[in-house]
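Chemist: Read off the chains here:
2 protein chains.
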Amino acid sequence: MQLTVFIMAGGSGERFWPLSTREKPKQLLKLVDKERSLIRMTVDRVLPIVPAERIFIGTNAIQAKGIAEELPMLPIENIIIEPQFKDTAAAIGFGSVVIGEKYPDATMVVLASDHLIKNEENFCKRILTAAEVAEDRGAIVTLGIKPSRPETGYGYLETEECYIGEPTPVVRFWEKPNLQRAESYVASGRYLWNSGMFIFNIATMNQAFETYLPKHAALLTQIAKLGDAKRNYSDAKLNDLFSKFEKISIDFGIMEKFHNTMVIPVDFGWNDIGSFPALDEVFEKTEQGSVVQGSRVVEVNSSDNIVLGMSGKVIATLGVSDLVIVDTKDSLLVCSKAEAQNIKKILEQLNK
Amino acid sequence: MQLTVFIMAGGSGERFWPLSTREKPKQLLKLVDKERSLIRMTVDRVLPIVPAERIFIGTNAIQAKGIAEELPMLPIENIIIEPQFKDTAAAIGFGSVVIGEKYPDATMVVLASDHLIKNEENFCKRILTAAEVAEDRGAIVTLGIKPSRPETGYGYLETEECYIGEPTPVVRFWEKPNLQRAESYVASGRYLWNSGMFIFNIATMNQAFETYLPKHAALLTQIAKLGDAKRNYSDAKLNDLFSKFEKISIDFGIMEKFHNTMVIPVDFGWNDIGSFPALDEVFEKTEQGSVVQGSRVVEVNSSDNIVLGMSGKVIATLGVSDLVIVDTKDSLLVCSKAEAQNIKKILEQLNK
Numbered sequence: 001m002q003l004t005v006f007i008m009a010g011g012s013g014e015r016f017w018p019l020s021t022r023e024k025p026k027q028l029l030k031l032v033d034k035e036r037s038l039i040r041m042t043v044d045r046v047l048p049i050v051p052a053e054r055i056f057i058g059t060n061a062i063q064a065k066g067i068a069e070e071l072p073m074l075p076i077e078n079i080i081i082e083p084q085f086k087d088t089a090a091a092i093g094f095g096s097v098v099i100g101e102k103y104p105d106a107t108m109v110v111l112a113s114d115h116l117i118k119n120e121e122n123f124c125k126r127i128l129t130a131a132e133v134a135e136d137r138g139a140i141v142t143l144g145i146k147p148s149r150p151e152t153g154y155g156y157l158e159t160e161e162c163y164i165g166e167p168t169p170v171v172r173f174w175e176k177p178n179l180q181r182a183e184s185y186v187a188s189g190r191y192l193w194n195s196g197m198f199i200f201n202i203a204t205m206n207q208a209f210e211t212y213l214p215k216h217a218a219l220l221t222q223i224a225k226l227g228d229a230k231r232n233y234s235d236a237k238l239n240d241l242f243s244k245f246e247k248i249s250i251d252f253g254i255m256e257k258f259h260n261t262m263v264i265p266v267d268f269g270w271n272d273i274g275s276f277p278a279l280d281e282v283f284e285k286t287e288q289g290s291v292v293q294g295s296r297v298v299e300v301n302s303s304d305n306i307v308l309g310m311s312g313k314v315i316a317t318l319g320v321s322d323l324v325i326v327d328t329k330d331s332l333l334v335c336s337k338a339e340a341q342n343i344k345k346i347l348e349q350l351n352k
Numbered sequence: 001m002q003l004t005v006f007i008m009a010g011g012s013g014e015r016f017w018p019l020s021t022r023e024k025p026k027q028l029l030k031l032v033d034k035e036r037s038l039i040r041m042t043v044d045r046v047l048p049i050v051p052a053e054r055i056f057i058g059t060n061a062i063q064a065k066g067i068a069e070e071l072p073m074l075p076i077e078n079i080i081i082e083p084q085f086k087d088t089a090a091a092i093g094f095g096s097v098v099i100g101e102k103y104p105d106a107t108m109v110v111l112a113s114d115h116l117i118k119n120e121e122n123f124c125k126r127i128l129t130a131a132e133v134a135e136d137r138g139a140i141v142t143l144g145i146k147p148s149r150p151e152t153g154y155g156y157l158e159t160e161e162c163y164i165g166e167p168t169p170v171v172r173f174w175e176k177p178n179l180q181r182a183e184s185y186v187a188s189g190r191y192l193w194n195s196g197m198f199i200f201n202i203a204t205m206n207q208a209f210e211t212y213l214p215k216h217a218a219l220l221t222q223i224a225k226l227g228d229a230k231r232n233y234s235d236a237k238l239n240d241l242f243s244k245f246e247k248i249s250i251d252f253g254i255m256e257k258f259h260n261t262m263v264i265p266v267d268f269g270w271n272d273i274g275s276f277p278a279l280d281e282v283f284e285k286t287e288q289g290s291v292v293q294g295s296r297v298v299e300v301n302s303s304d305n306i307v308l309g310m311s312g313k314v315i316a317t318l319g320v321s322d323l324v325i326v327d328t329k330d331s332l333l334v335c336s337k338a339e340a341q342n343i344k345k346i347l348e349q350l351n352k
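From first to last, the protein sequence lines are chains H and Z.
Using this note's numbering, the first residue of the first sequence is number 1, and each one after it goes up by one.
Using this note's numbering, the first residue of the second sequence is number 1, and each one after it goes up by one.
No wet-lab data here; the hints were simulated from the structure.
There may be inaccurate statements among the hints.
Claimed, not checked - 35 Å max Cα-Cα, derived DSBU-like pairs, lysine-lysine:
(1) K244/Z x K313/Z
(2) K257/H x K244/H
(3) K244/Z x K329/H
(4) K345/Z x K352/H
(5) K244/Z x K225/H
(6) K329/H x K345/Z
As the list claims (entries may be wrong) - In silico negatives: residues of chain H with every beta carbon more than 12 Å from chain Z:
(7) W17
(8) P18
(9) E35
(10) K86
(11) D105
(12) T152
(13) K215
(14) A224
(15) K244
(16) A278
(17) N301
(18) S302
(19) K329
(20) C335
(21) Q341
(22) K352
Source: prediction; values computed, not measured.
All residues carry an ideal CB built from backbone N, CA and C; glycine is no exception.
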């Protein structure tokens with residue numbers, strides 16, 4: 001089996017402003033580990049089962065340089081630069097074209113670049129199981145996270161029955177539910193969080209593109225014929241072909257429709273670090289229940305805050321709770337945890 | 001009449017941390033006016049009625065240098081440095097000894113260094129009236145602020161009847177009341193806020209010291225005999241005498257007991273800027289009801305905050321209200337307005 005990894009590293013870096021920016025999005029931040037960025041952690045996590053030369057990154061021109069610097073162990077040509085963002089179906093199709101040139105029989109493991117996983121050994125074990133299922137049964141295999149709470153921020157995968165580590169068909173993909181539905185999903189025991197990690201053989205995916213997204217398939221065939229030009233994100237022909245892609249996600253465009261989408265229920269400790277409050281689950285807390293990183297922080301009559309001091313100054317909280325406070329060299333954010341999803345509204349105002 | 005002004009400028013600078021420090025307390029901050037510190041505004045305010053050579057400052061060794069730099073128009077010898085802090089009775093007694101050498105028949109106007117007054121012309125008019133009353137009737141004359149709300153943070157002066165600008169005897173001094181009492185004070189129309197500004201002839205005050213604080217009077221007599229030594233805060237004899245002062249306030253030690261304490265009810269717009277939330281009354285507000293100074297501030301779903309950005313960076317608030325946010329080069333404070341009185345607790349922890 002030619003096991004390969006394709007790490008999707010786009011992202012506009014809005015949800016972690018002011019730590020993150022378009023040039024330095026979440027996956028390039030050392031948000032969890034003092035030494036390693038999230039993307040570096042993602043690569044390190046799969047190195048026990050996949051050699052560096054078979055790990056590929058899908059990204060854009062703005063972020064490519066930062067990623068290359070962050071991942072010196074990867075061959076530079078493994079950093080695949082999309083000329084335009086056309087959602088995940090095009091991104092994965094383009095990735096599979098580039099990877100398929102070298103590894104025509106590759107089994108591709110598609111991963112996000114900015115998620116956190118606690119039990120990395122178990123993660124690798126599940127990936128290998130998924131790869132076998134993908135090979136043996138011609139399936140597209142996703143990893144489904146056993147839900148620990150009625151989260152309304154994730155999509156769900158419905159199954160008939162669901163046991164950790166046992167591959168099972170996906171009955172249906174569900175969009176982000178409201179709280180009531182999320183509670184019923186968790187109570188049923190048959191629903192899993194859609195982690196966005198999935199595994200397939202390139203031949204399986206090519207076939208699926210032809211069946212469900214034939215226009216994508218035709219464009220990908222033309223891109224394959226471009227030769228070296230497809231490695232140059234400013235190439236006019238490549239851009240012209242890319243501009244014709246419909247913007248559609250791989251979930252909606254293929255996986256929900258594919259006749260043989262399976263899921264492996266997993267419980268290796270997964271966190272997509274979707275916004276600042278997710279750090280509550282990552283870090284040890286102070287006696288006051290706060291997460292404190294970087295600066296010297298004094299808490300008086302304060303609790304349950306997330307304080308990230310990147311400028312080294314003293315930070316004092318007095319009589320405040322459930323806040324996110326992020327102090328960088330250039331910017332300061334003071335935000336309620338409940339509103340942390342809306343940081344993009346700040347950027348909209350700043351960009352005016 | 002030898003009208004002189006004695007501005008008390010001690011203060012530990014705790015309530016405005018991190019803007020203020022022991023070396024740079026509130027009165028040295030340009031908190032209200034971009035060009036002028038509060039003490040400079042205090043001096044400028046009386047210059048129309050008292051020449052610079054008759055304006056004196058009472059302070060301590062730590063702050064004297066900063067004050068001298070801030071007030072180049074004053075003769076340097078007018079900055080009177082107390083060797084030790086022994087509360088206001090000793091401070092005013094010491095001030096009157098130094099001032100009395102040059103102006104033995106002085107009428108002394110005692111002012112705080114860090115208050116704000118809106119109608120400065122009216123203020124000067126009231127001071128002149130008070131000085132006349134002090135001269136003509138041998139009274140200690142205070143200025144009493146017509147209360148605009150049932151403030152529990154101030155002491156009150158009770159009168160028989162009370163009309164703006166009309167001198168009237170003080171019936172009684174009252175300590176900071178609870179809300180219920182404060183409400184009845186305001187409703188009665190006979191109670192005034194104790195502003196801490198008062199006016200007396202030096203001879204009147206000397207007599208009062210002898211009657212009500214005879215130990216202070218005796219120490220002050222000995223200090224008067226020290227000659228130039230009393231101008232050297234590190235002089236051993238001066239320190240020895242100072243160490244013997246009982247720590248007592250002028251209000252409690254003399255004014256409450258004096259047989260002829262009068263008050264002039266005033267309404268010239270007074271703000272003691274006691275803590276950050278007082279700035280709500282000083283500055284224009286944004287559409288969101290926030291006070292914003294210094295930095296570029298972006299407010300999203302936020303209101304009624306006080307944001308003071310001294311480091312020039314972008315500050316964004318998201319989903320927060322009624323906070324005080326102060327960002328300096330070295331420190332960041334995030335504090336609920338309701339707890340702004342407790343900033344000293346932060347300093348206690350920082351100094352541990």
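Chemist: All the hints need checking, so say for each whether the structure fits it.
Modeler: These are the hints, each one checked on the structure:
no. : hint            : in the structure
1   : K244/Z x K313/Z : violated (50 Å)
2   : K257/H x K244/H : holds (22 Å)
3   : K244/Z x K329/H : violated (50 Å)
4   : K345/Z x K352/H : violated (40 Å)
5   : K244/Z x K225/H : violated (97 Å)
6   : K329/H x K345/Z : holds (27 Å)
7   : W17             : violated (8 Å)
8   : P18             : violated (8 Å)
9   : E35             : holds (26 Å)
10  : K86             : holds (30 Å)
11  : D105            : holds (49 Å)
12  : T152            : holds (18 Å)
13  : K215            : holds (40 Å)
14  : A224            : holds (45 Å)
15  : K244            : holds (37 Å)
16  : A278            : holds (16 Å)
17  : N301            : violated (6 Å)
18  : S302            : violated (8 Å)
19  : K329            : violated (7 Å)
20  : C335            : violated (4 Å)
21  : Q341            : violated (10 Å)
22  : K352            : violated (9 Å)
Consistency with the previously given hints fails for numbers 1, 3, 4, 5, 7, 8, 17, 18, 19, 20, 21, 22, ordered from lowest to highest.
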